[in-house]
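S.K.: So the protein lines, in turn, are chains A and B.
Per this note's numbering: the first sequence = residues 21 to 191.
Per this note's numbering: the second sequence = residues 21 to 191.
Calculated from the structure, these hints are not laboratory results.
Wrong hints could be hidden among the right ones.
Reference listing, derived: stretches of chain B covered by chain A, where coverage requires no fewer than 3 residues with Cβ under 8 angstroms from a Cβ of chain A [as the list claims (entries may be wrong)]: (1) 168-176; (2) 181-190.
Looking from chain B toward chain A, a few residues come up when the C-beta cut is under 8 angstroms (computed) [unchecked claim]: (3) Tyr-26; (4) Arg-113; (5) Val-116; (6) Cys-126; (7) Thr-129; (8) Glu-130; (9) Gln-155; (10) His-159; (11) Pro-163.
Even glycine gets a Cβ: it sits at the ideal position worked out from N, Cα and C.
2 protein chains.
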Amino acid sequence: MLTAIYTAVGELVGEGADRISFPVIAERAGVNPTTLYRRWDDVNALLEEVAVAALTRDGESLPDTGSLEHDLAQWADIIARDITRPERVRYLRAMVSARVDIVSACPVTETRREQASKMVRRARERGEATPTVPQILDHVIAPLYYHVVFALPVDHEYARRLVHDVLTMVR
Amino acid sequence: MLTAIYTAVGELVGEGADRISFPVIAERAGVNPTTLYRRWDDVNALLEEVAVAALTRDGESLPDTGSLEHDLAQWADIIARDITRPERVRYLRAMVSARVDIVSACPVTETRREQASKMVRRARERGEATPTVPQILDHVIAPLYYHVVFALPVDHEYARRLVHDVLTMVR
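With these hints in hand, go ahead and build the complete structure from the sequences.
M.R.: Now the structure itself:
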């Protein structure tokens, strides 16, 4: 049933549906709306869960090159490619317009935080000086996503420049 | 007539209207929709013009304290306060969901770019070492707006941390 729900959400977002509500998703997935109301607080929570699941399913593997600089460069490239795919752009925009209340943690950011933490931890174990995890989120992740949601260009060069900048913070 | 149109857009955004289209704006403003189609390429262009106008009208004055560090700190605070106002948050979200095609320049970013350029120019004239204008946009502006559109908290401390980080880039 979860697969049907996820697929329905994916289809609706993919089609650029205007209003993605529980009844609309339930109808497409062939489930009872009550199921959705019971399981998720709101449509946004479901959208995010699907987006995070899609992120994982795409099998993004975390770079492990032996240097934080190269890890971050590859990681930023992977993210830049991923979040500029039309389907992902639509997800991100749907998420932005669905958000109303201030949240303490955004699941998409949390995924990136975990990934950054892992790379930073490995680098520190190797004795490398590193920027902090919040610095990586603020200065690599935030500008990449900012560009995508405001429809500004994102490319390899831009991703590299952000990584270069955040690394100067430790010198 | 422009005032009526701007006011109509402001009201609709303020009310959190679902679909802000030319006909909807025209009806509210009491003008012929043709006027809007002739003057603006799309609704998004109009929304942005109104947002930029509102920004200017609010009379944000650019800090000029005699040091880039203090200028940036005050500027980041002003922006943090401005873009977390409920009306501004709605504008930004409306803009994000209205955007479809990649743009080479986002008017909101351009306003910030001009402001940053002015402060950096003054600092260089005083002989201060400075980060570049793109670095200020990527590492102060982008994270602030990213937080707002993804509904993450933005406060004085956060704004200060970003300014501190971008300044370490020149050392």
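S.K.: Are the hints correct? Go through all of them and say.
M.R.: Now for the hints, and whether the structure bears them out:
1. 168-176: Contact hint for the segment 168-176 of chain B vs chain A: holds, 5 residues under 8 angstroms.
2. 181-190: Answer holds; 5 residues pass the 8 angstroms Cβ test.
3. Tyr-26: Violated: closest Cβ of chain A sits about 21 angstroms from B/Tyr-26, beyond 8 angstroms.
4. Arg-113: This hint holds: B/Arg-113 lies near chain A, its Cβ roughly 6 angstroms from the closest one there, short of 8 angstroms.
5. Val-116: holds (5 angstroms)
6. Cys-126: At about 5 angstroms, which falls below the 8 angstroms cut-off, the nearest Cβ of chain A leaves the hint on B/Cys-126 intact, so it holds.
7. Thr-129: B/Thr-129 check passes; min Cβ-Cβ to chain A is 7 angstroms, inside 8 angstroms.
8. Glu-130: violated (11 angstroms)
9. Gln-155: holds (6 angstroms)
10. His-159: holds (5 angstroms)
11. Pro-163: Holds, about 4 angstroms.
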